[in-house]
Amino acid sequence: MFNREIRKVLSVAVVLHVASLVACQGKLDEEIVETPSTTVVSSDKPSTVMGAVQGVIVEVGNGLVSNSQAQGVQGKVQSQSNVNELCNEHAMPLDGQGGIMDSQGPDYPARLFYCKLAQNGGSPDSIPGSFQQIKAISCMLEKAGIVFDNQERQIYITPDTSCFTAQQLADMQVQAMTVTVRASKPAFFNTYYDSGVSMTIPDMGTYRIAAKLSGTKMEFLTHDDQTAVSPNKSGTYAASFDLLTGELKYESRADRFLCSEYSSCGWSRHDRLLAQVGMTNGEITSVSKIEAIAGEIYAGDNSWYSARVSTIKGSLANGLKARYFMVNSNSSADLADATKYSEVVNNRCYTHASDQADCSANPGIELPQEQSFKFNLHPDTQFTATQAWVAQLTGLGFTSVNFNDVQ
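Residue 3 is where the sequence shown starts when you use the numbering used here, and the numbers rise one by one after that.
Treat the hints as calculated values from the structure; they're not laboratory data.
Just so you know, these numbers come straight off a predicted model, no measurement behind them.
Any given hint might turn out to be false.
Claimed, not checked - Simulated pairs of lysine to any residue, SDA-like, Cα-Cα distance not exceeding 20 Å:
1. K376 with Y300
2. K342 with T383
3. K145 with R184
4. K291 with A359
5. K376 with T388
6. K219 with F400
7. K187 with S164
8. K187 with I148
9. K187 with E144
10. K291 with Q278
11. K219 with L276
12. K145 with Q177
13. K376 with S334
14. K187 with S200
15. K342 with E372
16. K145 with Y158
From just these sequences and the hints, can you work out the full model?
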């Protein structure tokens with residue numbers, strides 16, 4: 003168990019999560035299901051760990067914005083203060099007229115990261131939204147009661163707005179369900195984690211959630227295996243946050259490129275994030291470092307394929323550099339070859355005071371020129387499969403963000 007002081011700091015982290023949702027995502031108010039005074043972060047309730055880390059990620063996104071009225075990550079629309087005016091519900095950057103920002107524009111990659119971090123639309127389009135559904139599923143199960151005896155049991159549950167948003171419930175179109183649950187300490191599918199829960203839901207698939215609390219550090223790992231419902235559809239999300247050092251790590255791998263289900267397949271995404279935040283009395287007060295990569299590949303109608311990779315590195319205090327690489331092709335294999343990608347070069351270097359600062363000491367993160375480009379999860383590269391990645395992960399061990407597939 004945590005001592006009283008650490009528990010107090012964890013409580014502040016959950017308060018931060020709730021406050022972030024109120025301040026920045028007013029349209030998702032129905033997502034807030036517990037008051038800060040009654041929320042306790044516990045490895046027995048993985049949704050609370052995910053919720054706390056989710057709030058920190060949103061704050062890191064907000065930390066990319068200049069505190070002054072000078073140009074910052076938001077570029078020419080700095081004066082717009084509402085996140086929904088800067089990004090749409092799919093975490094895509096908007097221009098000054100409310101349309102999708104031109105991806106060839108100089109501000110696009112920096113703003114993309116702002117949207118991916120600060121916007122929670124409840125879907126994999128954004129980083130805090132990527133594990134929103136599985137967090138809600140965990141919450142639903144926790145309310146029904148979890149027995150950590152490593153035995154399978156059937157639990158009858160009814161999804162409602164105490165854990166899900168109204169939009170999530172509408173998308174699920176499920177009134178009630180019988181879930182097959184197996185829970186253990188440590189997690190039976192990866193013993194690095196203090197606790198683990200596996201849930202098999204009819205017509206949805208199997209979801210695995212693990213949590214770990216050690217010292218002032220909280221970690222979670224999730225795995226959605228929907229291959230029984232729709233082949234080649236799976237994903238995994240892992241994160242850690244240390245309340246003492248302020249270090250945040252996150253990685254997600256959504257493997258859906260060969261999946262054929264309508265509307266939610268035909269793409270894969272791989273995100274990796276490392277951030278350093280400053281904390282005062284348990285509250286985040288600054289973001290002193292961020293390094294991140296966001297990679298995506300898309301399959302069109304079997305004759306059109308595209309991929310993009312965005313990177314960002316630095317801080318608004320010393321210079322923040324974002325880069326953007328892309329490829330469009332009628333050959334799927336080109337997406338797996340980094341030499342086929344071209345960079346959309348920009349001269350932006352963001353600080354609190356300018357978007358034309360000096361980034362000569364920080365060129366950002368460059369795409370490696372390797373013909374077997376695993377990071378974007380193209381099947382031609384034989385990247386580490388989701389199931390194997392989940393089984394072998396012993397926490398996120400990277401100390402910098404790069405394109406190595408598995409640390």
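Taking the hints in turn, this is what the structure says about them:
no.	hint	in the structure
1	K376 with Y300	holds (15 Å)
2	K342 with T383	holds (14 Å)
3	K145 with R184	holds (15 Å)
4	K291 with A359	holds (17 Å)
5	K376 with T388	holds (13 Å)
6	K219 with F400	holds (15 Å)
7	K187 with S164	violated (26 Å)
8	K187 with I148	holds (11 Å)
9	K187 with E144	holds (15 Å)
10	K291 with Q278	holds (5 Å)
11	K219 with L276	holds (15 Å)
12	K145 with Q177	holds (16 Å)
13	K376 with S334	holds (14 Å)
14	K187 with S200	holds (12 Å)
15	K342 with E372	holds (10 Å)
16	K145 with Y158	holds (12 Å)
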